[in-house]
Every structure is written in C-alpha cells, then in structure tokens.
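Colleague: Protein sequences, first through last, are from chains A and B.
Counted the way the working numbering counts, the first sequence spans residues 4 to 275.
Counted the way the working numbering counts, the second sequence spans residues 5 to 317.
In short, the hints are calculated from the structure, not lab data.
Values in this document were obtained by computation on a predicted structure and should not be read as measured data.
The C-beta atom is built at its ideal place from N, Cα and C for all residues, glycine as well.
Don't take each hint at face value.
To be verified - For lysine-lysine, the following BS3-like pairs were computed, each having C-alpha atoms within a straight-line distance of at most 30 Å:
{"hint": "1", "chain 1": "A", "residue 1": "LYS266", "chain 2": "B", "residue 2": "LYS123"}
{"hint": "2", "chain 1": "A", "residue 1": "LYS190", "chain 2": "B", "residue 2": "LYS95"}
{"hint": "3", "chain 1": "B", "residue 1": "LYS95", "chain 2": "B", "residue 2": "LYS223"}
{"hint": "4", "chain 1": "B", "residue 1": "LYS281", "chain 2": "A", "residue 2": "LYS262"}
{"hint": "5", "chain 1": "B", "residue 1": "LYS259", "chain 2": "A", "residue 2": "LYS266"}
Stated by the list, open to error - Computed Cβ-Cβ distance ranges for the label pairs, DEER-style:
{"hint": "6", "chain 1": "A", "residue 1": "GLY61", "chain 2": "B", "residue 2": "GLY207", "range": "52 to 58 Å"}
{"hint": "7", "chain 1": "B", "residue 1": "ALA87", "chain 2": "A", "residue 2": "VAL59", "range": "16 to 22 Å"}
{"hint": "8", "chain 1": "B", "residue 1": "ASP208", "chain 2": "A", "residue 2": "ALA80", "range": "54 to 60 Å"}
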Amino acid sequence: MANLLTKRVVYYLLTALIAITFILPLAWAVVNSIAPNSATSQSDGYGLGNYGALAVYGEGLTTYLSNSVILTFVAVAACLIAATMAGYAIARFTFAGKGLMFVLVLSILMVPYAALLIPLVVWMSELGLDNTLVGVGFVLALFQLPFGTFVMRNAFESIPSELEEAAKLDGCGTFATFMRVMVPSVKAPMVTVGLFVFLNAWNDFMVPLYLLGPQNAPLPLAMVNMRQQVMGVIDYGLTTAGVVVLAIPAVILFLALQKYYIKGLISGAVKG
Amino acid sequence: MAVMADTDERQVVPHRRSRWSRTDTLRGWAFLAPALALVVVFFIVPVGLVVYMSATDWTLFGGFTAMNFPQNFVDIASDPMFAKSLEFTLKYTVLTTVILMPLAFFLALLVQEARQWNKFLRTAILLPSALGIASSSLLFYALYSPQVGPLNPILDSLGLMDAQQTILGTADGALWATVVLVVWRFTGYFMLLTLIGVQAIPGDIYEAANLDGAGRLRKLRSITLPMLKPTIAMTMILSVTGSLLAFDQFFILTKGGPNNETLTTVLLIYKYAFETKKDLGMAAALSVVVLLALVIINVLQLRALGVGRSEEK
Chain A
4 MANLLTKRVV YYLLTALIAI TFILPLAWAV VNSIAPNSAT SQSDGYGLGN YGALAVYGEG
64 LTTYLSNSVI LTFVAVAACL IAATMAGYAI ARFTFAGKGL MFVLVLSILM VPYAALLIPL
124 VVWMSELGLD NTLVGVGFVL ALFQLPFGTF VMRNAFESIP SELEEAAKLD GCGTFATFMR
184 VMVPSVKAPM VTVGLFVFLN AWNDFMVPLY LLGPQNAPLP LAMVNMRQQV MGVIDYGLTT
244 AGVVVLAIPA VILFLALQKY YIKGLISGAV KG
Chain B
5 MAVMADTDER QVVPHRRSRW SRTDTLRGWA FLAPALALVV VFFIVPVGLV VYMSATDWTL
65 FGGFTAMNFP QNFVDIASDP MFAKSLEFTL KYTVLTTVIL MPLAFFLALL VQEARQWNKF
125 LRTAILLPSA LGIASSSLLF YALYSPQVGP LNPILDSLGL MDAQQTILGT ADGALWATVV
185 LVVWRFTGYF MLLTLIGVQA IPGDIYEAAN LDGAGRLRKL RSITLPMLKP TIAMTMILSV
245 TGSLLAFDQF FILTKGGPNN ETLTTVLLIY KYAFETKKDL GMAAALSVVV LLALVIINVL
305 QLRALGVGRS EEK
C-alpha cells in the first residue's frame, strides 16, 4: 500500500515538473511582455506598454499582422485547392502520367527548401512576384503540397464510389459532383491539411527572409528585423510582446484542432 | 517526410474497355492543373535554375556574368568555412538527435496510459509545437539575455559560467543554448510520433507476456522496442534531416557566432549570398551540395526503412 502511494506521489511530482518545464517559457514570455522592464515602457508598473510600442514600431503592428494574415491565407487556400483537386484526380481517375505526377509531387519532400531559395530570389523577380505576399504564399503552399496531396488522396480513396455514381445519376457533372458531393465528405482531412499549412505559413521565417523586404515582412520576420534595427540596445519587452502576439492565434488553433494535428501525424509525419 | 510510396490503381472500373479512357485523361489533368502549375513554377524551374546558377558567376547585384563550371564547386571544396560549417552541423545533428529521441521515448512511455492527467500532460509537452522555430528562438533569445532573462544570473551564481560571459557569448554556451531550445520545441512532436507507434502495438502481446510473468523491463526490451523499430527509424530520419538543415535558430540566436563557431551549412548559403560574398553563384553551388546530400540521405533512409520495397497494406 505504502509502496503504491509513493509511486503515485513520485509519478505526479515528476510529471507536474515536466509539464511546468514545457509551459514555463511561454508563461514567462507573457509575464515579461507586460513587465515594467522595457526601454520603451515609461511606467513603473505592469501594463501593456510593450504592446503599445509594438503597435507603432516600424510599419506598425497592423501592417505586419495583415502581411502575416495575407501570406497565410494564400498559402492555405492555394495548397488546399491544389491538393484536394490533385488528390481527387489521383484517387479516382485512371490516366497516363498520373503515377509520374504523384511521384513528382512526393519528390518535393526530398528537396530541402533551403536549397531552392537562391534560385527563387532570381526567378521570383523574373515572374514579377518578388517582394509580393501572394508569390511567397505560393512558395509556402508548394512545400506542403506533398503532405496535402497524400492526405487528400487517401481521404478520397476511403469514400465509396456509390456516392459519386448516385450524384451522376441525379445529373451532376464531374465538377459539380466533386464540389457538392466529394468535397463535403472530406471536410475533416481538409481541416487537417489546412491546420498544417496554417501553422507552417504563419510561423515561417526563412522563406520571407529571402523573398520579402521590410515593408512586406510578416510578423516573424518583422520581429527579427526590428531586433536588428534597434542598434545596441535590444528591446526584449518588444520582442516578447511580439512572440506573444504570434503565439496567440497558433496556440488557440492548435488547442482547438489538436485532434486534427494528431490525425495529420498519423497520415504520415510531416517535415518538422 | 512521409512514409508513403504506393501508387496503386485500384479504382479501375470493370466495364471500361481501354485502360485509359480519353475523358478520364482530360478530367484527370484538369484536376491536376493547379498542383501541376505550382510544381512546375515553384519547384521544377527553381531546381533547374539552381543547378544552372551553380555553374555560373552570378553576383547579387550584377546578375549573371559568365559561365565558370567547376570553379564554384572547387572553391567550396577548399573553403575552410565550408569544412567548419559541415563539422559543426554534424556535431549539432548528433547532439540534438541523441538527446531528443530518448527523451521523447521516455515521455511517450510515461504518458501512454489514457487518463485525464496524461492528456493534459501530452498537451503541455506538445504546446511548443504550435510555435514556429523563429518565434521560439526569439523567446529563448530573451530568456538567455543578461538583461531580462532569468537564466544568465542563475548560471552565473552556480559558477557554471564565467562572470564576464553571456550564455550565447561562448561557443559551447551558444551550442547548448540552441540544443535546449530545439529540444523544448520538438520533444512534444517526437513524443507524439512515438506514442502513435506505441499505441499501434496490439495489447494482447503484452497480455501474453504478463501470463508468462514478464516484468516491465523485459516487456520494454522484448516487445515495445522491437515493435517500435519503424517508428524509431522514422523519428530518427526526421531528427537527422531536420537538424542538418538547421537555420532559423542559429540565424536568430547566434548569427553563426561567436567567431563562426555555430555556423551551419544552410546559414553559410545565406551568408555567401547576402553578407560575406554577395555571390549567388557560389551560394547556388553550396545549395546544390546540400540538395544532393539530402537527396542521398533521404534515399538511403527510405531504403533502410523498407519503403518502396513492398507495400504492406
């Protein structure tokens, strides 16, 4: 009995300690962002001074946030459209070149995107897409395309074809069948793909660093830029406030859609 | 990286006469069009272009100036910075993998039972996964700072650090600081992957082992570990390839410093292109080297995993 109790106590103490270790840095960021230690906040007490300073820094918080939102939206929309349609074609039609196309999409996984950014710096300006959020959104969509296509193909394959045949008998064309019957039945996998694209695009730093200037910087890039521009004195209050602003949508969505995150991991792990 | 390789064609409708019907081909390519456009414009062209650029003199501001085929590669091969970055990248990769994998494995076993408290724990450990590597790096940059960070004074008072130094100011400090950040950010992700593998092991194997009187350690050694081999192989691939491509964390925490002691190979690409050399040809050549190395590693690892050999469905 006593032995069992000791085991229990050790287990709870150990696991509580582990949980605290993982949450503590985030909690500290929140506390530090409202703490009166920053160069920019004039008051002595706790307050939102850092957030006020962040709002007016550089092009302004709203600019960076809307850059992040546009970039993420383009990436999620482009990837979902391309992956869902491609997944359907691969799952449902038989035609020459299909297997090759699937292999080509999956081969994107083999190539690290760090290696493609140098040519993209040149190529995007040839396309007139340099320094545009839409262009960079497409790049971010491409790197999630293998995962998206794979998940969507599996999703369509698991749907019985009687469903389509019934729609066809009712007079639906191919595209109408796809939009009205098939897409609604793969909503859950689409949420899985959308969540992964969202988290990746929202948090991406490297692609914007190469391809976007300061004015079009999404928030992660803007945070790093402003840290470098404040010469000498680094404003940590501003930095932690930015981290909190970045973390809020990601953490909320992550907590709300954890189920889909786990489904994504089961469908074939995603590039970390 | 996904474990996937089958392109089976199971949906062949029996009444169809030819293998490929005309309408299917048209429809198929119509549905593939958006993906194809993305792949051609943002993948195939850049891959071709990086190979071409690697064989040229291509400056950041001047553009293409001349062909100079093997020269960029010869320069890289004899470049001490490249050797140094390669050595550091490998060291970092080994270190993160060796720490991350056993830790994630231990945590997965700790939280595998489905009770309420464990669910909370999993979420807590997984929470950093929602953050990007860039925001995590910014967060830890503040944590490590001597001005507001709590860690600097602690290490100082414990005598683990020279009073004149900051955590990121020494080569070892910067390396370990980055490893701690990466472990914090990725442990949950690897724990969950391991957990998914653990839960796929049929419970009756353990029941049989219980009947045979096997102890906890014995079950771990004879059942869990062998059955988890594919999962362990996959997480190892993810950890190794991810660490070999490390960029954000070093760009933000150390910028490769102090004294280029934490310069990763991917960070070197950026430096060649935009800072030290402003030479896109050289950066492209280095990109090709990284690309080839990763493709080779991926192929070897996929083969080791048995993907593509036969599909067990």
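Colleague: Indicate, hint by hint, whether the structure satisfies it.
Modeller: Hint check results:
With a C-alpha separation of about 16 Å, the suggested pairing of A:LYS266 with B:LYS123 holds against the 30 Å cut-off. In summary, the hint linking A:LYS190 to B:LYS95 is not supported, as the alpha carbons are separated by about 43 Å, beyond the 30 Å threshold. Distance restraint check for B:LYS95 and B:LYS223: the Cα-Cα separation of roughly 33 Å exceeds the 30 Å cut-off, and the hinted pair is therefore not satisfied. At roughly 47 Å between alpha-carbon atoms, B:LYS281 and A:LYS262 are farther apart than 30 Å, so this suggested pair is violated.
Note on B:LYS259 and A:LYS266: the hinted pairing is violated, with a Cα-Cα distance of about 36 Å set against a maximum of 30 Å. Range check, A:GLY61 to B:GLY207: about 56 Å between beta-carbon atoms, so the 52 to 58 Å window is met. Taking 16 to 22 Å as the suggested C-beta distance range, the pair B:ALA87 and A:VAL59 does not conform, at roughly 46 Å. Between B:ASP208 and A:ALA80 the C-beta distance comes to about 46 Å, which lies outside the given range of 54 to 60 Å.
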